[in-house]
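**Q** Could you slot chain B onto chain A? The hints should help.
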Amino acid sequence: MKKVQFNSYFTQYFFVAPQLIIILIFLYLPIAQTFTDAFTIQDPFGFGSYFAGFDNFRFVLSDPTYVTALKFTLIFVFVITFFSCSIGLLLAVQANNVIHGKSIYKTLLIWPYAIAPAVVGVTANYFFSERLGILYNFFHNLWGFNWYENIYDSYIYVFIAATWKQISANFIFFLAGLQNIQKSILEASVIDCKSSFRRFWTITFPLLMPTTFFLIIINITYAFFDTLGIIDTTTIGAPSGETKTLVFKAYIDGFKGLDLGSAGAQSIIMMLIVLIITIFQFRFIEGRIHYN
Amino acid sequence: MLQSYPKIFSHLILISGILLMIVPIWMIFASSTHSNSTISSEGMQIFIGENFFENYDKVLNIRGGFYKEITASSMLINSFIMAIGIASLTVVISLMSAFAIVYFKFKLAVPFFWLIFITILVPLELRIMPSYQVVSDLGLTNSYAGLILPLSASAIATFFFRQFYLSIPNELLEAAKLDGANSWKFFIDFLIPLSKTMIMAVFIFMFVYGYNQYLWPLIMTTSEKYWTVVMGMKMLNIRSSVEGYAYIILSMLPPVLVIIILQRYFIQGLFQSK
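Chains as they are written, first to last, in my numbering: chain A, 12 to 303; chain B, 5 to 278.
Bound conformation, chain A alone:
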């Protein structure tokens, strides 16, 4: 906070009010409703509802399809984060390294950031459709790729679509991070270490940790939430529910299945997962970051 401040009672509330009102109505009210839903069981025919304690949670956690979705989501999060960060970092390091054409490279690499996940999904659909899809045919000739029936092939399909979409976001942030590193540190390191490869891992990469830390959170939220549009336009869970993410499953159960109790419980479990990941990140990774 600032040392010198204004001290007008009414003005401060006036400035805070619009956001506060919108957040209360459109965020906290639904969250409260989520908790109510999660602890109630609705009569399927609409004849009232009753307090159910943790029954919805028990039901969700003992459901094998939920465990499948949980496993898939965790693999999904890991694969997307790892590959899109790696490729984004590789490209950012190279873009930071060149002198000629830097801004053209930058422009040509960041635009996919603006494409909607759902549009990426539909695009991927054309490449992976059975008869005319180029990637479908290519992989099919290699090992008999068939995502309609094979679980791992359907994984590959959504992994490729979701990772492709996220590369440019990682590229932008890594490039920004690289450009924030002081040149003098890097120049000094050239004297100590001849190998540019080792210099990168011992000097540049540790200095990039704040960016990496930030990007890991961004990628986790992306993989959890934003990929819903991709799943819904690519496999829709095919072969038989193995490529449903937790969010996608909650949406299907809540909106298509009209099981509000289950959807509410699933939402709360997801909030807990995201909260735990965030706390874990702050405690275990933040402590090891070198800020310059």
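Calculated directly from the structure, the hints in this document are not laboratory data. Keep in mind the model is a prediction, meaning the values are calculated, not measured. Every residue gets a Cβ at the ideal spot worked out from N, C-alpha and C, and that includes glycine. Hints may contain errors.
Chain B is faced by these chain A residues, among others (derived, beta-carbon under 10 Å) [claimed, not checked]: (1) PRO123; (2) PHE236; (3) LEU239; (4) GLN292.
Have a look at the derived ranges for each label pair, beta carbon to beta carbon [said to hold, decoys possible]: (5) A/LEU269 x B/LEU257: 35 to 41 Å; (6) B/TRP188 x A/LYS267: 46 to 52 Å; (7) A/ILE287 x B/TRP188: 40 to 46 Å.
**A** Frame of chain A, contents of chain B only:
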């Protein structure tokens, strides 16, 4: 300088990266300029065909939905209204609340800060059903307000502005106070002009975010009149024909152009907010 391996490798890696990004979209575009029979017999194309105007004209005016009330061009307009609505509203309310948090002796500053911090953990996808309920209780389904308000209930932008205000030297306010500026004058004449780049960056970010929404418009628009381009893809049954390709290109064009043309502001904003 810091060079120890030839730059040519960097260029090669960058060019492969660009090809990885451009080739798929180029093939969608090239295919969108061919005739239906070419696509259905030969599959996707690499070279431009002859049906560019015909296909795009068709897809812009194609009538979709059960009542045939909507065309792709009106969906584009809806998407623009939604995206600009979300971006403007978010910028205005976040600028204001960040100002209140940073520049006022505010008893509730800390609780309010946490109140908005939590919003980052609860994206719309997590509260989609109850949000739908709230919006329908308020009678806002099938309205622009219903499309815009729930998506503006996020506080990420407030953080960006808060960080930015905190980086502004205290002397600015001291000087402004000496000149007799009250909070309004300080906000409008000093802070807003200083925040221009940040405002642009947040606006672009929220525009892309709003335009690209899929699930929310999908569930809350039961009337075809309010369909947006991104969700309309699911509703129009054109995937198997050449119009599907043209539709993809049309739907991604506005946010991609925004990012390409305004990338300078977007990236500068990211730098400042670190």
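**Q** Take the C-beta atom of B/TRP188 and the C-beta atom of A/LYS267, compute their distance, and say whether it sits inside 46 to 52 Å.
**A** This hint holds: roughly 50 Å between Cβ atoms.
**Q** Taking the Cβ atom of A/LEU269 and the Cβ atom of B/LEU257, is their distance within the range 35 to 41 Å?
**A** Given range 35 to 41 Å: holds, Cβ gap about 37 Å.
**Q** Does A/LEU239 hold up as a contact with chain B if the rule is Cβ-Cβ below 10 Å?
**A** 6 Å, holds
**Q** Go through the hint on A/PHE236 and say holds or violated, using the shortest Cβ distance to chain B against 10 Å.
**A** 4 Å, holds
**Q** Restraint: A/GLN292 near chain B, CB-CB cut 10 Å. Satisfied or not?
**A** With Cβ-Cβ at 12 Å, over 10 Å, it is violated.
**Q** With respect to the beta-carbon atoms only, verify the hint that A/ILE287 and B/TRP188 lie 40 to 46 Å apart.
**A** 43 Å, holds
**Q** Can the hint on A/PRO123 be confirmed by a CB-to-CB distance to chain B that is less than 10 Å?
**A** 5 Å, holds
Consistency with the previously given hints fails for number 4 only.
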